[in-house]
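Enquirer: Sequence:
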Amino acid sequence: MAEQIIIDLHNSANAKEFGGNLIHQMEFQTVTGWIDSELKRKAVADGERLHEAITVLGTRGSGKTTFLMTILKTYRDNRFEVCVLDIIDPTLTEEKGHIFLDIISRIKEKVETALAGSDVNPESTVYLKKKEWQDHVQRLAHGLPLLDGVGGEMTENSWQDAEFIMHNGLTAVRSARLLEHNFHRVIEMALDILKQEAFLITFDDIDIDFRKGWRVLETIRKYFTTPKIVTLISGDIRLYSNAIRKQQWKNFGKALLINEGEHLNKISNFNDMVTQMEGQYLQKVMKLNRRVNLAPLNEKMPIYEHRFDIMIKSSKGDLLEIQGYYDLVLRSFGISSKSQTEIYRSFLLSLPIRSQIQFMAAFDEGDELWSNNFHITDAFLNDLYEKDVDVNLIYSNAKFLNTVILKLLLDAGILEEGYQLQPTLQNHTLNACLTALSFLSAQKLKRDPFLVFDYLIKLGYTRNLETAFYASKDGSNAAVPSIKGLIDHSGLLQDKVLRDAVGLMNAYTRAALNSNRTTEDAWGGTILLYTLNSIAKQDRAKMSDRIDIAFEGLNHKHIAYIPLSICQSTTKQSGLLVYSFYSLLATIGELLRKNTDIEQGLYEFSQLRSYPMPDFTAGLNSRGDSFSVDERLDERYHRGDSLHMMDRMMSEWASQYKGMLISPHLLGKISTRFFYALLNIEQSGGQENLGELFSMQIVAFLNATLIEEAKESPDKIFRGINLNNVNTSPKIFLDNLKNMQRREPSRQQLKFSRWLFSCPLFLVYLDPGIVEHLQMQAEIFPQGPIFELSVFRGLCNVSFKRNLLAESNDVLPYDEIIARLRSDKVPFKYFDASPKGSTIAKNKFIQSNLRSQFGGRSFTSGELRDFRTYLKNNKVSW
12 MAEQIIIDLH NSANAKEFGG NLIHQMEFQT VTGWIDSELK RKAVADGERL
62 HEAITVLGTR GSGKTTFLMT ILKTYRDNRF EVCVLDIIDP TLTEEKGHIF
112 LDIISRIKEK VETALAGSDV NPESTVYLKK KEWQDHVQRL AHGLPLLDGV
162 GGEMTENSWQ DAEFIMHNGL TAVRSARLLE HNFHRVIEMA LDILKQEAFL
212 ITFDDIDIDF RKGWRVLETI RKYFTTPKIV TLISGDIRLY SNAIRKQQWK
262 NFGKALLINE GEHLNKISNF NDMVTQMEGQ YLQKVMKLNR RVNLAPLNEK
312 MPIYEHRFDI MIKSSKGDLL EIQGYYDLVL RSFGISSKSQ TEIYRSFLLS
362 LPIRSQIQFM AAFDEGDELW SNNFHITDAF LNDLYEKDVD VNLIYSNAKF
412 LNTVILKLLL DAGILEEGYQ LQPTLQNHTL NACLTALSFL SAQKLKRDPF
462 LVFDYLIKLG YTRNLETAFY ASKDGSNAAV PSIKGLIDHS GLLQDKVLRD
512 AVGLMNAYTR AALNSNRTTE DAWGGTILLY TLNSIAKQDR AKMSDRIDIA
562 FEGLNHKHIA YIPLSICQST TKQSGLLVYS FYSLLATIGE LLRKNTDIEQ
612 GLYEFSQLRS YPMPDFTAGL NSRGDSFSVD ERLDERYHRG DSLHMMDRMM
662 SEWASQYKGM LISPHLLGKI STRFFYALLN IEQSGGQENL GELFSMQIVA
712 FLNATLIEEA KESPDKIFRG INLNNVNTSP KIFLDNLKNM QRREPSRQQL
762 KFSRWLFSCP LFLVYLDPGI VEHLQMQAEI FPQGPIFELS VFRGLCNVSF
812 KRNLLAESND VLPYDEIIAR LRSDKVPFKY FDASPKGSTI AKNKFIQSNL
862 RSQFGGRSFT SGELRDFRTY LKNNKVSW
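As numbered in our numbering, residues 12 to 889 make up the sequence shown, in order.
Incorrect hints may appear among the rest.
[As the list claims (entries may be wrong)] Ranges of calculated distance between the beta carbons of each label pair, as one might list FRET restraints:
1) Ala479 x Asn309: 58 to 68 Å
2) Asn438 x Thr607: 38 to 48 Å
3) Ala479 x Asn262: 49 to 59 Å
4) Val137 x Asn253: 28 to 38 Å
5) Ser849 x Met671: 16 to 26 Å
Hints were generated in silico from the structure; no laboratory data involved.
Cβ atoms here follow ideal geometry from the backbone N, Cα and C, with glycine treated the same way.
Could you build all of it, start to finish, from the sequences and the hints given here?
Expert: As structure tokens, this is what we get:
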């Protein structure tokens, strides 16, 4: 049966000895074995200088001090004939205190304590031994003034006096030359008095202060060369390396480095010599076969398997294996799938043990986990401050959470790979920041549903735009679209209304799409509509597919207008009318933030606003702002039943959030799956009108949510899910709904998906047939007047723009194609509206026989459908 190592979370915060509960048990056994072998060594050959110091290596917080204290207690308490000195920490000595003097002083105190009150008879053995001890110490003291940093310089006035040199100076020089010998004699005499075999001397944290650390290393190298001293050193090998390199560079002298290093370009030669001397010095003072490394727990777990079980003891006295304890912690932050749990658990186990105990002890507070006083980031503060992460701003106002995260990702250049806040990078500090912000996000998301939509836009959408479109990142050239330009233009790092930020993102993206070519295709959640009739002011009979005509006089016009905005050119009067799913997401988020007056918010967000596009051709990329346009909805609709009913349903829906456990990596996966499903839908051209296209986009979002949350859920739910994205049909989503209901009828899982399925502002845009499936399969709420408020039918009367021609240099504009068809007397019947079966036959004829009229290429069915739509909308025939 494996031996248990117990970490008591409320008795492990400070360094102390732990005996059998020491985490580094194997290293402990190794070091005690070395010490025992040293204690058995009786003597060395004349002239042999031993360098057998034991080095305990580890990073800050790895448990080095606790390890040393446990070693010392072992040799104090047991039958070993060894005199144990307290741990020596050079950083705690005064500036002028030399470490060698400190050691001698400690030994002297022990000896004088042993001799105190001894026989004062000058002829007694004890008295003679005391006198001999004082003589040894006196001889040793003569050489101490010549130690670096102890005595004065030989250039002082006293050294110019001949009598001083003859009577004092030469004696001091001789004593300094014999300092090692005299020191060893003092050690042997002290052990004889104390009736011990050796001194156990331990140095802790000598790597922190380079200057003092160097003195310690030199003291060990020069004087700790006797088997009567067993030496333990602790520290970080990287810091030791730096301390030694610093001293070796100093030895070259400034003149040499300048004259030969810089002037003769030989600095690399000096660097090679420093590296060589550093390696030789380390191997001499800190032998490779006398080093132990206090590795983090993630490296120990495979080694400890079947030998030791590391257990965590909570404040309630419960014992839980450490990996199971971390799984419990991670589930509290919405991380439950095996793959995600492994990522975070591995990182946490790689932390210094001090940080792990601090983190687990904070979590063990229980009810404090979600309180305002519980700062889950405390264990990672140093890393967060190093990366200039303003956690205080987040704690003071949660709405800045994703803004602070976005700034970190941009500053570190890791937006693409770091947006899910997973510790998967090569940089430990960044991994610590991402982990802390992931936990903090889960903590804040539990209370504030606004942050769900804020994340999907500021982090998810921004990251996917960068990956899919913006090749340039730095934004230094205003004539080149870049992710930095997008963020600056939309004010994502400012305290801006989320809906306005999305409007500016849409304007920037549409301008970027048109920077090298003109396109009217839907892309990235932006759908171009035909100009409002109120602006175009043309014959109403020809404008029936415009959104203002389709909803003229209807009470639901406010709802239909929520995703609508204008991308305004800064160089001409024209603009692009854009319908955007992300504008709808932003509106939902802002309504959740308002909460108290949703009806007023619905009215405000339904007003058509215009957002300026940057002019990339002129290199103008000013910061964006929004302004209202003349198409303002009539005030009488504001107090109509539609907004009032939507207010009531949205309030009820918002109240159902009730502190869901959502991790940012889940939101990241949802945003990316949805974005690429969105691109596929836009490229497929499978929808004929705005209602069908927008409904399919919402279906794609809900399906992405269902798939990704199912992947985080127990296997019995995930196994039946179709992982494909929807494209031209909602069938995959509807099948997944059925599977969800069949495998998880209790509704205890997939709560986040069910909540989003119930959002009234999604349901009113969906095909009513899909809403019925949601009500039956997902048992969504509310059961209110969704169908009464639906705008799907009205949006089905609205056309959207798209290019007929693919990206090719040999295709022709519409008017030239029409002119060729007329000139060649191609019958118009091939392009007239027909039943589906007849249309397929016509398309085959066109693709086979009319290649020259279409620029020498065969058009796809989707392109021909677009061309027919163009002919119909513009009343063209021949």
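Enquirer: Determine for every hint whether it applies to the structure shown.
Expert: Hint check results:
A hinted range of 58 to 68 Å is violated for the C-beta pair Ala479 and Asn309, which are about 35 Å apart. Between Asn438 and Thr607 the beta carbons are some 43 Å apart, a value that agrees with the proposed interval 38 to 48 Å. Our hint of 49 to 59 Å for Ala479 and Asn262 holds, since their Cβ atoms are close to 56 Å apart. Take Val137 and Asn253: their Cβ atoms lie about 49 Å apart, and the range 28 to 38 Å is violated.
The hinted window of 16 to 26 Å between Ser849 and Met671 is violated, with their beta carbons roughly 51 Å apart.
Of the numbered hints given earlier, the model fails hints 1, 4 and 5; all others are met.
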